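So the protein lines, in turn, are chains A and B.
At position 266 of the first sequence the residue is numbered 266 (the numbering used here), and the sequence of numbers has no breaks.
For the numbering used here, count along the second sequence from 1 and bump the result up by 1000.
Please keep in mind that the hints were generated in silico from the structure rather than gathered at the bench.
One or more of the hints may lead you astray.
Stated by the list, open to error - Listed next, the in silico DMTMM-like pairs over lysine to aspartate or glutamate satisfying Cα-Cα at most 20 Å (straight line):
(1) B:Lys-1341 to A:Asp-162
(2) B:Lys-1341 to A:Asp-20
(3) B:Lys-1147 to A:Asp-293
(4) B:Lys-1150 to A:Asp-21
(5) B:Lys-1341 to A:Glu-47
(6) B:Lys-1147 to A:Glu-277
(7) B:Lys-1038 to B:Glu-1304
(8) A:Lys-316 to A:Asp-201
(9) B:Lys-1147 to A:Asp-162
(10) B:Lys-1147 to A:Asp-21
(11) A:Lys-46 to B:Glu-1178
(12) B:Lys-1147 to A:Asp-20
(13) B:Lys-1282 to B:Asp-1262
Unchecked claim - To give an idea of the interface, some chain A residues facing chain B are shown, with a C-beta separation under 8 Å as derived from the structure:
(14) Asp-20
(15) Phe-24
(16) Asn-72
(17) Gln-92
(18) Thr-104
(19) Val-106
(20) Pro-138
(21) Leu-239
(22) Ala-246
This one's a predicted model, so the numbers in the text were calculated from it and none came from an experiment.
We put the CB at the ideal spot given by N, CA and C, even for glycine.
Single-letter residue listing:
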Amino acid sequence: MSITYLEAIREAQAKLLRDDDRVFIYGEDVGGTFGGAFKATKGLAKEFPGRVLNTPISEDAMVGAAIGAAMNGMRPIVEMQFADFSSTALNQILNNAGTHYWRTNVPVPITVRLPCGGTKGSGPFHSQSMESIYAHYPGLIVMTPATVEDAYTMLIEAVTIDDPVVYCEHKYLYYHLKADKLPTEEGLPTGQARIVREGRDLTIVAYSAMVHEALAVADELIREGFEIEVVDLRAVKPLDTETVLASVARTGRLLCVGESFPWGGATAEVISRVTSEGFHFLDAAPQRINAKDTPIPYHPNLWAAHRPNAKIIAEKARGLLRE
Amino acid sequence: MLQTAPRRKKSTASKAAPHERFLEAFRWMLLARTLEDKLVSLYRGGLITGGVYVGRGQEAVSVACGLFLQEGDIFAPLIRDQAGRSAFGEPLVDVTRTYLGSRQGPMRGRDGNIHRGRPRDNQLAMISHLGAMVSVTVGALLAKRFKREKNFVGLSCIGEGGMQTGSFHEGMNLAAVEQVPLVVVATNNHYAYSTPNDREFACHDLVDRAIGYGFEGYTVDGTDLTNCLDVIGSAVKRARAGRPPQLVVASTLRLSGHGEHDNASYVTDEMKGQPFARDCLKAAEQTIVDLNLVDAETLREWREEATAQVDQAISTAQKEAAPEADEEDWCAISMRALVDKIE
């Protein structure tokens, strides 16, 4: 018996619907007998009649409606079919949900699920990672779970949080990542990073799918005599600077890996914070790896080189370790 | 004295004799005009920071939007809806506190002018991005349906400018798909800031869009209070009775600039001579005089009362402290444990 990252997301939603009358799911193709483009809501419309609702192709209105419902006591979960399409809802997410508590003192407890990250053959409009854009704006929590357990507990936590949450779920992990069973206890609180592997030579900070690339690199470099510490941020906002700083204090070296575009973003934020608050811990200039500064290519040959992978990360890590 | 808050349990407007309803509406319009004229002079005197946006010429449409709503209904006013906001139950002091930057206002200095609201009291706080509040109103109505509330409606205001946004289109379509009890009142004041209708849309009549959305559509002369009360009142009644969503398109002329920084030099004389350029407040007063609904003395008293209420709301706000930057918590989320500790 095993459960995938995707099934964990479905199970978390089933639990939320079961336990909390305020929860409903709103999105394209989530309802009926279809259960979503990735089947993250499979069977839920039948199990919870009237609470898992298909919407028109109207990302702006989906989120707008969720905002209106949330300020009237509901806990909506909006599924974006692909993270990429949330760009047409940016106004509602950033300017309406993100400003609402600050302006009116009334929080907007919506959860927006973003199937993100690249899978080969998906091209420029079905592959994006948008956590850095959402983290840039005030008023939002941005979760980036990397494990089956976190996918489950963090989605449940997202819906209980009174503020808007952008929940970035990685499409590559949907089927590739499995656990023996669902967690029975609450996970770490949001805003707390996890050290997934201890090491003394180099800290690799990653989140979402890149955690697994970092772990592969750690496995590879141990054979060369290097111990890599891997920190899974779990959420890019709030960002657990303390855990990262403490790790860098032990290792003296920092490499930060993210899958979104290279200009600015979560990796730059981590390096900025470590440099200004922990400069004295650093034995070498901190480095980062992101996707390339082009749209995401379609062909697998190009796609594989566009996003960070274990090979690219290992090369960069070796360079840092030699310094 | 007009009671400005809280919202009455049942709308008296729908049951009142037509002339009583007309007179109540007129008094809200008068109050809004008095308030906004005063805000304009404060702005010109340098006492208001940011902009002042008034509903001059649109009070008849606006008041009808607020007047037929009752407790539990959702109101999403827009930039030119002072009359409707007051009729719905917004205290005058909310307006003056927001414009004058009192820390005691609903926005506490964090937002200004017409970007105000009390979502807990069903007055939604508009954002500047037009069309966005339609789907928010739909969502508020969905929540009420989920909670099995009964007999509620939502009313969302828009202009012909905002009608051209994608967000508006998505919101309208979603309202019809969800069959929520929504009334959308669109006021064509003939200018989107400075842009005239012929660069805004090319359809024969904006109300024709109703059928495309699956709404029931009606037009109204926005300068005629009686017509506004009849048409918008009926639309609210139909929505409440479970008819499909309702679109009302009103025609009027904005008798001001976009904001008070704008002298509206682009409004042509030809436009000012059109029937829709008539001042709805003056027209309503003329009706009162022609039909002898109240005497001149009463009209004078109402005017004085409105001035006194406005003066009081302004002096209250002016006495209150402004927000201080070092007392602000600078926190955009409600859950303090999840604040990102950024230096």
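Checklist entry - Which numbered hints does this structure break? => result 2, 3, 5, 6, 13, 14 and 22
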